[in-house]
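Participant: Residue numbers for the first sequence follow our numbering, beginning at 1 and rising by one.
No wet-lab data here; the hints were simulated from the structure.
Some hints here could point you the wrong way.
[What the hints assert, rightly or not] Think about it this way: if two alpha-carbon atoms lie no more than 25 Å apart in a straight line, the pair counts; the simulated DMTMM-like pairs of lysine to aspartate or glutamate are:
| # | residue 1 | residue 2 |
| --- | --- | --- |
| 1 | Lys266 | Glu297 |
| 2 | Lys23 | Glu297 |
| 3 | Lys247 | Glu260 |
| 4 | Lys352 | Asp553 |
Keep in mind the model is a prediction, meaning the values are calculated, not measured.
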Amino acid sequence: MQLDKHKDTSIDGLKERVLELAKRRGFLWPSYELYGGVAGLWDYGPFGAMLKHRVESAWRDIFVVGESALPIETPTIGVEELFLASGHLSNFVDLIVECVNCHTALRADHVVTEYLKSRGIAADLCDPGIAGACVPSSEKTQQQIDSHGITCPDCGGPLGKVHDFNLMFTTHIGPGTQRKGYLRPETAQGIFADFPRLLRFHRDRLPFGVAQIGKSYRNEISPRQGVIRLREFTQAEAEVFVDPREKNHHPRFDEVANVEINILSKDFVGTASVKSACERNIIAHEYLAYYIARCQEFFIRVGVRESRLRFRQHLPDEMAHYAVDCWDAEGLTQHGWIELAGIADRTDYDLKQHERQSGLQMAVFVPYEAPKEVERIVVRPNMGYLGPKYKGKAKQVAAFLSGIRHPEGAIVFDGQVVDPEGYAIETVRESISGDFVTPHVIEPSFGIDRSIYTILEHAYDEDTIDGERRVVLRLSPHIAPVEVAVFPLVKALNEKALEVFRLLRRAGLLVEYDDSGTIGRRYRRQDEIGTPFAVTIDHETIENSTVTVRDRDTTKQVRSSIESLADVLREMLVRGFDKQSS
RNA sequence: GCGGUAGUGGUGUAGUGGCAGCACAAAGGCUUCCCAAGCCUUUAACCCGGGUUCGAGUCCCGGCUACCGCACCA
Numbered sequence: 001m002q003l004d005k006h007k008d009t010s011i012d013g014l015k016e017r018v019l020e021l022a023k024r025r026g027f028l029w030p031s032y033e034l035y036g037g038v039a040g041l042w043d044y045g046p047f048g049a050m051l052k053h054r055v056e057s058a059w060r061d062i063f064v065v066g067e068s069a070l071p072i073e074t075p076t077i078g079v080e081e082l083f084l085a086s087g088h089l090s091n092f093v094d095l096i097v098e099c100v101n102c103h104t105a106l107r108a109d110h111v112v113t114e115y116l117k118s119r120g121i122a123a124d125l126c127d128p129g130i131a132g133a134c135v136p137s138s139e140k141t142q143q144q145i146d147s148h149g150i151t152c153p154d155c156g157g158p159l160g161k162v163h164d165f166n167l168m169f170t171t172h173i174g175p176g177t178q179r180k181g182y183l184r185p186e187t188a189q190g191i192f193a194d195f196p197r198l199l200r201f202h203r204d205r206l207p208f209g210v211a212q213i214g215k216s217y218r219n220e221i222s223p224r225q226g227v228i229r230l231r232e233f234t235q236a237e238a239e240v241f242v243d244p245r246e247k248n249h250h251p252r253f254d255e256v257a258n259v260e261i262n263i264l265s266k267d268f269v270g271t272a273s274v275k276s277a278c279e280r281n282i283i284a285h286e287y288l289a290y291y292i293a294r295c296q297e298f299f300i301r302v303g304v305r306e307s308r309l310r311f312r313q314h315l316p317d318e319m320a321h322y323a324v325d326c327w328d329a330e331g332l333t334q335h336g337w338i339e340l341a342g343i344a345d346r347t348d349y350d351l352k353q354h355e356r357q358s359g360l361q362m363a364v365f366v367p368y369e370a371p372k373e374v375e376r377i378v379v380r381p382n383m384g385y386l387g388p389k390y391k392g393k394a395k396q397v398a399a400f401l402s403g404i405r406h407p408e409g410a411i412v413f414d415g416q417v418v419d420p421e422g423y424a425i426e427t428v429r430e431s432i433s434g435d436f437v438t439p440h441v442i443e444p445s446f447g448i449d450r451s452i453y454t455i456l457e458h459a460y461d462e463d464t465i466d467g468e469r470r471v472v473l474r475l476s477p478h479i480a481p482v483e484v485a486v487f488p489l490v491k492a493l494n495e496k497a498l499e500v501f502r503l504l505r506r507a508g509l510l511v512e513y514d515d516s517g518t519i520g521r522r523y524r525r526q527d528e529i530g531t532p533f534a535v536t537i538d539h540e541t542i543e544n545s546t547v548t549v550r551d552r553d554t555t556k557q558v559r560s561s562i563e564s565l566a567d568v569l570r571e572m573l574v575r576g577f578d579k580q581s582s
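Just need the whole structure built from these sequences, with the hints factored in.
Facilitator: Below you can see the structure in the form of structure tokens.
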């Protein structure tokens with residue numbers, strides 16, 4: 001895949017430089033540094049928080065406003081039932097056993113299964129009776145290790161005690177006999193739990209999307225790579241509920257059909273439009289393709305470089321067992337290709353699971369265009385006959401008879417032929433006006449923190465201005481924490497400059513004022529935090545009420561009247577410095 | 001969690017047992033000033049806890065954090 005033409009990744013120690021800048025300029029700080037810090041927890045400093053806020057706004061524009069999705073907010077604390085249903089309580093657990101000799105941490109269940117398989121013994125480590133997939137039990141696994149004397153596969157040393165490691169943080173809800181609570185490992189489950197209300201809110205129609213931006217938590221064993229793997233992180237997730245029969249017909253597919261994306265899949269590597277990817281079955285259906293295209297639109301808007309963005313299809317063995325197709329949006333950084341978003345077809349797995357756990361129906365009644373007339377054969381019990389004959393059992397017999405769909409020959413109940421007088425076989429005509437459908441879920445899910453790191457790295461650049469090395473963050477104007485800086489050329493002009501500053505602030509621009517030191521130093525400071533434009537009040541301003549507007553990327557300047565300044569800047573922020581009509 | 005390496009002002013660093021230096025940044029001032037100029041002044045640091053020692057930034061032990069490798073990442 002080709003790299004950006006105007007910029008490559010050849011800066012030495014880019015990772016370190018970006019992080020150094022991010023720390024120094026108030027984007028990212030290690031949390032609780034005062035007390036030595038904690039791995040996997042990071043603060044957003046003032047510019048970082050504003051940047052993040054704007055990234056989330058851009059996401060909201062595209063995935064909530066642009067899709068007429070329903071925005072909701074659910075608690076970060078979830079109850080036990082929620083994660084029993086989702087499978088996180090059983091599947092989000094690792095059984096860890098450590099080798100006493102070489103101290104390697106191993107997946108205990110894997111060690112046992114491998115050992116038994118190699119000796120042709122069937123392994124059953126699972127706890128029965130829990131909804132969802134197989135749950136390896138720590139007791140059974142421990143037993144197997146003890147009874148077979150299983151040792152470390154690496155060095156042959158003895159193994160320690162098996163212990164659970166659930167990646168969810170636990171807590172307690174309320175005092176006294178406490179109810180268990182868990183910090184959510186994804187925001188999605190809160191949406192699924194609200195499904196019946198959401199469906200009613202949307203007046204029982206499909207399709208509809210629901211979106212949530214919020215914190216999620218995973219107690220990572222060993223978080224690394226700065227903000228790439230966090231224990232507390234922000235997700236932006238949309239769950240789009242769709243009739244499974246309609247997955248290949250997105251109503252707005254035309255809008256995105258020609259969007260070109262970089263694809264890495266088992267069948268295809270290269271660039272293609274989402275339309276052709278769909279037609280060639282590279283992407284399973286239009287809904288996935290549609291959201292992949294929107295995903296690309298989002299990343300480009302916030303400043304991820306298109307040439308360093310790709311969509312990678314999950315291999316069958318890395319896909320969650322319920323998904324039919326899943327794509328990761330990946331950004332190329334100094335940490336390699338990292339996952340920024342996932343667009344998955346979660347099918348009806350989650351809703352079915354919550355149906356089972358809660359006992360409530362999670363289906364939508366989808367009416368036919370016209371009611372269908374169907375003929376059906378029914379067995380109608382004759383209670384006048386059955387009552388006296390079967391007495392107390394009559395009700396049971398009647399229910400049995402009513403349940404028969406295809407009566408053939410004599411009907412036998414409880415080993416005895418039921419007298420034909422006890423029922424009548426009739427053909428009835430019925431009008432059916434629709435089906436109950438459990439919607440499938442298409443889920444675009446974004447890691448906001450990773451995206452922000454990628455944005456920073458892709459924006460970081462060093463160039464030379466008048467022989468001086470300059471560090472510049474080429475941030476997208478959509479997400480820059482400051483849009484315009486205002487400077488008096490010399491301190492004597494500060495009154496006029498403050499006037500302009502207040503004018504622009506009132507006009508709703510994100511604007512910063514600075515009158516310290518020399519003008520060059522102030523420009524460079526704004527370059528480092530990615531401020532797209534700087535307005536300077538000079539001596540000419542006093543004469544004719546014009547100011548200079550300086551472009552971050554080229555350092556070129558144009559003059560603009562104060563009167564039209566706010567409009568000129570707004571236009572530049574949208575169209576770019578050169579394309580505005582002044 | 002294991003192994004290796006490291007942790008000194010805001011940032012980058014020097015300092016191998018005896019007064020903690022430098023550069024950049026920041027704040028104030030001078031300079032009539034459109035791209036990190038200069039000058040003066042000022043602020044500001046040994047990751048945490050034990051131990052050894054008359055004395056520890058320095059040596060030892062433990063912890064925390066970061067980077068690299070291993071393992072983990074439904």
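Participant: Hint by hint, say whether it matches the structure.
Facilitator: Here's how the hints hold up against the structure:
1. This hinted pair checks out: lysine 266 and glutamate 297 have alpha carbons roughly 24 Å apart, not beyond 25 Å.
2. Distance check on the hinted pair: lysine 23 and glutamate 297 sit about 29 Å apart at the alpha-carbon level, beyond 25 Å; violated.
3. For the hint pairing lysine 247 with glutamate 260, the CA-to-CA distance comes to about 21 Å; that is within 25 Å, so the pair holds.
4. Between lysine 352 and aspartate 553 the CA atoms are separated by roughly 52 Å; this puts the pair beyond 25 Å, and the hint is violated.
Hint check: violations occur at hints 2, 4; the rest are consistent with the structure.
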